[in-house]
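K.L.:
Next come the chains, spelled out residue by residue.
2 protein chains.
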Amino acid sequence: MNHKVNFEEKFAKFSDFWSPKVVAEMNDYQFKLTRFKGEFAWHDHKDTDEVFIVIEGNMSIELRDGRVDLAAGEMYVVPKGVEHKPLAEQECKVMLVEPRGTVNTGDQESELTAENDVWI
Amino acid sequence: MNHKVNFEEKFAKFSDFWSPKVVAEMNDYQFKLTRFKGEFAWHDHKDTDEVFIVIEGNMSIELRDGRVDLAAGEMYVVPKGVEHKPLAEQECKVMLVEPRGTVNTGDQESELTAENDVWI
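Chains as they are written, first to last, in the working numbering: chain A, 1 to 120; chain B, 1 to 120.
Only chain A is shown next, with the shape it has when bound in the complex (with noise of 0.2 Å):
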């Protein structure tokens, strides 16, 4: 049998920022917690869509034609190819639904890639 997830359990599991952790897998899709604080660097993926999931807090997501503020209960697809850098002034707490081997940063490898399929 599964385990469930308890999203508040798992973020005290970790505190560095833009390095998502891993909590469920779906078919080939995970799901990912993740902190925003910062800014995140440019970047898109070219093979897949991408999920925001705000649990706490406030974030945005810059676009190259318009910008989206998300809060928490809110949530954002960002196509596939799209470009794209999100921010948060305030620590902001992150759900991301991807396939399986999605990197952080897409194809602009940089200092903020994370190491891939870390699982709390």
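Keep in mind that the hints were calculated from the coordinates and are not lab data. Among these hints, one or two may not hold up.
Stated by the list, open to error - Chain B residues, not near chain A, derived (Cβ > 12 Å throughout):
hint : residue
1    : Lys13
2    : Trp18
3    : Gly38
4    : Glu39
5    : Asp47
6    : Thr48
7    : Arg67
8    : Met75
9    : Lys85
10   : Leu87
11   : Glu89
12   : Glu91
13   : Val97
14   : Thr105
15   : Ser110
Claimed, not checked - Simulated restraints, written as ranges between beta carbons of each label pair:
hint : chain 1 : residue 1 : chain 2 : residue 2 : range
16   : A       : Lys85     : B       : Ser19     : 32 to 42 Å
17   : A       : Phe17     : B       : Leu112    : 41 to 51 Å
18   : A       : Ala114    : B       : Asp28     : 38 to 48 Å
19   : A       : Glu56     : B       : Phe14     : 20 to 30 Å
20   : B       : Ser19     : A       : Gly66     : 30 to 40 Å
21   : B       : Lys80     : A       : Ser110    : 29 to 39 Å
22   : B       : Asp16     : A       : Phe17     : 38 to 48 Å
23   : B       : Gly38     : A       : Phe17     : 34 to 44 Å
24   : B       : Ala72     : A       : Trp119    : 21 to 31 Å
25   : B       : Arg67     : A       : Thr113    : 22 to 32 Å
26   : A       : Lys85     : B       : Ala12     : 43 to 53 Å
27   : A       : Arg64     : B       : Asn6      : 15 to 25 Å
Quick caveat: nothing in here was measured; it's all calculated off a predicted structure. No residue lacks a Cβ here, since even glycine has one placed at the ideal position from N, Cα and C.
Please arrange chain B on chain A, whose structure you already have, making use of the hints.
P.N.:
Quick look at chain B alone, frame taken from chain A:
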């Protein structure tokens, strides 16, 4: 540019139970909001896992080998082919994540089978 999804606004648009409404798509997967109250039917999904994320309230998932109790801020993945029966004593607001085309009662069609692919 995509629109963001606000769960509270979306839930305000319907009041029926056990009738999932699509609010977003990621690749060929859908995010659906639904209200649970009472007991659903035993069923399974032969071809896909199914994700339950509790937005507000409490619900349970009965499995043939146990039972999972879920509160707001918790999620559970029912593996494909695993029989399950969702239930909620009081009204519970839930988000489902599953492939486009997934029917709420799986292969067990009944009077509980909801119209598929209804967007709000």
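K.L.:
Hint by hint, say whether it matches the structure.
P.N.:
Tested hints:
1. Lys13: Fine: 15 Å to the nearest Cβ keeps B:Lys13 off the interface.
2. Trp18: holds, 21 Å
3. Gly38: holds, 21 Å
4. Glu39: holds, 19 Å
5. Asp47: Check fails; 9 Å does not lie beyond 12 Å.
6. Thr48: Nearest chain A Cβ is 6 Å from B:Thr48, so the label is violated.
7. Arg67: With a cut-off of 12 Å, B:Arg67 comes too close to chain A, as the shortest Cβ separation is near 9 Å.
8. Met75: violated, 5 Å
9. Lys85: About 14 Å separates B:Lys85 from the closest Cβ of chain A, which puts it past 12 Å; holds.
10. Leu87: holds, 15 Å
11. Glu89: Non-interface label stands for B:Glu89: nearest chain A Cβ at 18 Å, farther than 12 Å.
12. Glu91: holds, 17 Å
13. Val97: violated, 6 Å
14. Thr105: holds, 19 Å
15. Ser110: For B:Ser110, whose nearest Cβ neighbour in chain A is about 25 Å away, the distance exceeds 12 Å, so it holds.
16. A:Lys85 - B:Ser19: 32 to 42 Å: Since A:Lys85 and B:Ser19 have Cβ atoms about 37 Å apart, the given range 32 to 42 Å holds.
17. A:Phe17 - B:Leu112: 41 to 51 Å: For B:Leu112 against A:Phe17, whose Cβ atoms are near 44 Å apart, the range 41 to 51 Å holds.
18. A:Ala114 - B:Asp28: 38 to 48 Å: violated, 26 Å
19. A:Glu56 - B:Phe14: 20 to 30 Å: Since the Cβ atoms of A:Glu56 and B:Phe14 sit about 26 Å apart, the hinted range of 20 to 30 Å holds.
20. B:Ser19 - A:Gly66: 30 to 40 Å: holds, 33 Å
21. B:Lys80 - A:Ser110: 29 to 39 Å: About 37 Å separates the Cβ atoms of B:Lys80 and A:Ser110, which means 29 to 39 Å holds.
22. B:Asp16 - A:Phe17: 38 to 48 Å: At roughly 41 Å between Cβ atoms, A:Phe17 and B:Asp16 fall inside 38 to 48 Å, so the hint holds.
23. B:Gly38 - A:Phe17: 34 to 44 Å: holds, 42 Å
24. B:Ala72 - A:Trp119: 21 to 31 Å: holds, 23 Å
25. B:Arg67 - A:Thr113: 22 to 32 Å: violated, 41 Å
26. A:Lys85 - B:Ala12: 43 to 53 Å: violated, 31 Å
27. A:Arg64 - B:Asn6: 15 to 25 Å: Distance hint for A:Arg64, B:Asn6 holds at roughly 23 Å.
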